[in-house]
Amino acid sequence: MQLVISPRAPNPRRVRMFIAEKGSALPDIAFEAIDLGRGDHRSAEFKALNPLSRVPVLRLDDGRALAETRAICTYLEGLAPEPNLMGHTFEERAFIEMADRRMEISLLATIANWIRHGHPGLANLEQPQFPDFSASQGQKMRGLTAWLDGELARQPYVAGERFTIADITAFCGLEFARGLMKYRPGDEGLQHLQAWRDRIAERPSAQAGA
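Per this note's numbering, the sequence shown starts with residue 1, numbered consecutively.
Since the hints were made in silico from the structure, they are not lab data.
Cβ coordinates follow ideal geometry from the N, Cα and C atoms, glycine included.
Don't take each hint at face value.
As the list claims (entries may be wrong) - Simulated restraints on C-beta separations: (1) 44 <-> 23: 33 to 39 Å; (2) 88 <-> 43: 38 to 44 Å; (3) 71 <-> 129: 27 to 33 Å; (4) 203 <-> 30: 30 to 36 Å; (5) 186 <-> 62: 43 to 49 Å; (6) 90 <-> 181: 34 to 40 Å; (7) 31 <-> 88: 38 to 44 Å; (8) 203 <-> 139: 29 to 35 Å; (9) 93 <-> 204: 38 to 44 Å; (10) 191 <-> 43: 41 to 47 Å.
To be verified - In the DSBU-like style, the derived pairs of lysine-lysine whose C-alpha atoms are separated by at most 35 Å in a straight line are: (11) 47 <-> 182; (12) 140 <-> 182; (13) 47 <-> 140.
Whole structure, please, built from the sequences with the hints as guidance.
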């Protein structure tokens, strides 16, 4: 198998971190990096893999291409159920998926809009940029991180008592904001979220795709 990625982009990093957590339980997966700044994702070759021009994409050994981060992780979890990251029972899977979708659709998507419309280095990816929209997304993101800080005041991980895919999604989103917008929860009084971030950053998988 081969995973098509773009370095430092948050969604490919989510999959690479997921793979790193699985370790030797997964078969070897090669990485192929493309340059978003150069427009590689808009090429005819890449669009044959994913017509929506987004990374990551997992090339399967049978020739098929699997896109969308959550779908790729579901496939990998099926190949290597342990260490488990998406739930053992149907009830646990449902609650972990709820937490992960909140991190993806609310937190990560808001962070991405804040950065893509506000950071000059991404102007070639987001045309046109809307600075006012970026500012509004930055405010919305702070409301979400304040809520998440409250969640982490009463439980050690995003989805509850153990590390899951929801922690990967939240961590990669916050690190995207940390790298390009210098956002640090602790600077805004979110000490539970900062402590959680620092704890996750100590995991060996946190270096994957950084």
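Using the C-beta atoms of residue 203 and residue 139, is the stated range 29 to 35 Å upheld?
This hint holds: roughly 30 Å between Cβ atoms.
Take a look at whether the Cβ-Cβ distance between residue 93 and residue 204 falls inside 38 to 44 Å.
25 Å Cβ-Cβ, so the 38 to 44 Å window is violated.
How does the Cβ-Cβ distance of residue 88 and residue 43 compare with 38 to 44 Å: does it lie in that range?
holds (41 Å)
Against the 35 Å threshold, does the CA-CA distance of residue 47 and residue 140 hold or violate the hint?
Distance ~32 Å between residue 47 and residue 140 Cα, so the pair holds.
Regarding the pair residue 140 and residue 182, is the alpha-carbon distance no greater than 35 Å?
holds (17 Å)
Can you confirm whether the C-alpha distance between residue 47 and residue 182 stays at or below 35 Å?
Answer holds: residue 47 to residue 182 is near 33 Å, not above 35 Å.
Satisfaction of the hinted span 30 to 36 Å by the C-beta atoms belonging to residue 203 and residue 30
violated (23 Å)
Just tell me: holds or violated, for the beta carbon distance of residue 71 and residue 129 against 27 to 33 Å?
Given range 27 to 33 Å: holds, Cβ gap about 29 Å.
Distance restraint hint 34 to 40 Å, applied to the beta-carbon atoms of residue 90 and residue 181
Since the Cβ atoms of residue 90 and residue 181 sit about 38 Å apart, the hinted range of 34 to 40 Å holds.
Range first: 33 to 39 Å. Now tell me if the beta carbons of residue 44 and residue 23 are that far apart.
holds (36 Å)
Holds or violated: the 43 to 49 Å window for the beta-carbon distance between residue 186 and residue 62?
holds (47 Å)
Take the C-beta atom of residue 31 and the C-beta atom of residue 88, compute their distance, and say whether it sits inside 38 to 44 Å.
violated (29 Å)
Checked against the numbered hints listed earlier, the structure breaks hints 4, 7 and 9; every other hint is satisfied.
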